[in-house]
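**Student:** One-letter residues, chain by chain:
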Amino acid sequence: DAGVTQSPTHLIKTRGQQVTLRCSPKSGHDTVSWYQQALGQGPQFIFQYYEEEERQRGNFPDRFSGHQFPNYSSELNVNALLLGDSALYLCASSLSRASHYGYTFGSGTRLTVV
Amino acid sequence: LAKTTQPISMDSYEGQEVNITCSHNNIATNDYITWYQQFPSQGPRFIIQGYKTKVTNEVASLFIPADRKSSTLSLPRVSLSDTAVYYCLVGDIAGTGFQKLVFGTGTRLLVSP
Numbered sequence: 001d002a003g004v005t006q007s008p009t010h011l012i013k014t015r016g017q018q019v020t021l022r023c024s025p026k027s028g029h030d031t032v033s034w035y036q037q038a039l040g041q042g043p044q045f046i047f048q049y050y051e052e053e054e055r056q057r058g059n060f061p062d063r064f065s066g067h068q069f070p071n072y073s074s075e076l077n078v079n080a081l082l083l084g085d086s087a088l089y090l091c092a093s094s095l096s097r098a099s100h101y102g103y104t105f106g107s108g109t110r111l112t113v114v
Numbered sequence: 001l002a003k004t005t006q007p008i009s010m011d012s013y014e015g016q017e018v019n020i021t022c023s024h025n026n027i028a029t030n031d032y033i034t035w036y037q038q039f040p041s042q043g044p045r046f047i048i049q050g051y052k053t054k055v056t057n058e059v060a061s062l063f064i065p066a067d068r069k070s071s072t073l074s075l076p077r078v079s080l081s082d083t084a085v086y087y088c089l090v091g092d093i094a095g096t097g098f099q100k101l102v103f104g105t106g107t108r109l110l111v112s113p
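Quick mapping for you: the protein sequence lines, in order, are chains A and B. My numbering puts the first residue of the first sequence at 1, with every later residue one more than the last. My numbering puts the first residue of the second sequence at 1, with every later residue one more than the last.
Because the hints were derived from the structure by calculation, they are not lab data. No experiment lies behind these values; they were computed from the predicted model shown. Just so you know, even glycine gets a beta-carbon here, dropped at the ideal spot from N, CA and C.
Label pairs and their computed distance ranges (CB to CB):
#1 A:F69 / B:D67: 41 to 51 Å
#2 A:F69 / B:K54: 39 to 49 Å
#3 B:P76 / A:K13: 40 to 50 Å
Non-contacting residues of chain A with respect to chain B, defined by C-beta distances greater than 10 Å in every case (computed):
#4 L11
#5 G16
#6 P61
#7 F64
#8 P70
#9 N77
#10 A80
#11 L82
#12 V113
#13 V114
Construct all of the structure, not just a fragment, from the sequences and the given hints.
**Tutor:** Structure follows, in structure tokens:
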């Protein structure tokens, strides 16, 4: 049973560019959440998708957008990259009515903005 | 969402028991307590969850006093592979699945030989 798969694992972008990160949820899960984790900090919630709609959003600017596809996979897009966007981006999948223990995280995408 | 406070770091030796305490003074009636473990360059992994008293699984125990204003994660006989960051989270069990996990800075546990 595959867990959460994220791609790519590492990425280097230049300031001002745009980036797309991808996530395939755990089999059977229908909800995808994205988190940003800066070095030495805990993960910060970006947004959550269910039934191809954004259900909740954290305190992130509109430069951060996402999408969920009919097969439950998801993309995170970041426009006009800033140096401060350098972080580990984590995808977590869950069932729509799961409590905390239902969340499964991927290993993340390490984004470096230069 | 109730805020949590944990020690920034802890040191231990192999074979010892480690207890990490988390304070959550403003915990609400519907809130439950969950602990995650995170290794470098990996996503957090669920360890244990509880509402009150004591919960035990194959990995850890969670002790929650009657007032629920704190909780203690207990790791029996730690090994080097238990070196990680441990996060305490508090959230509403009655909510829908559309919950966002609120992480603090966690506790960095270093286990030495």
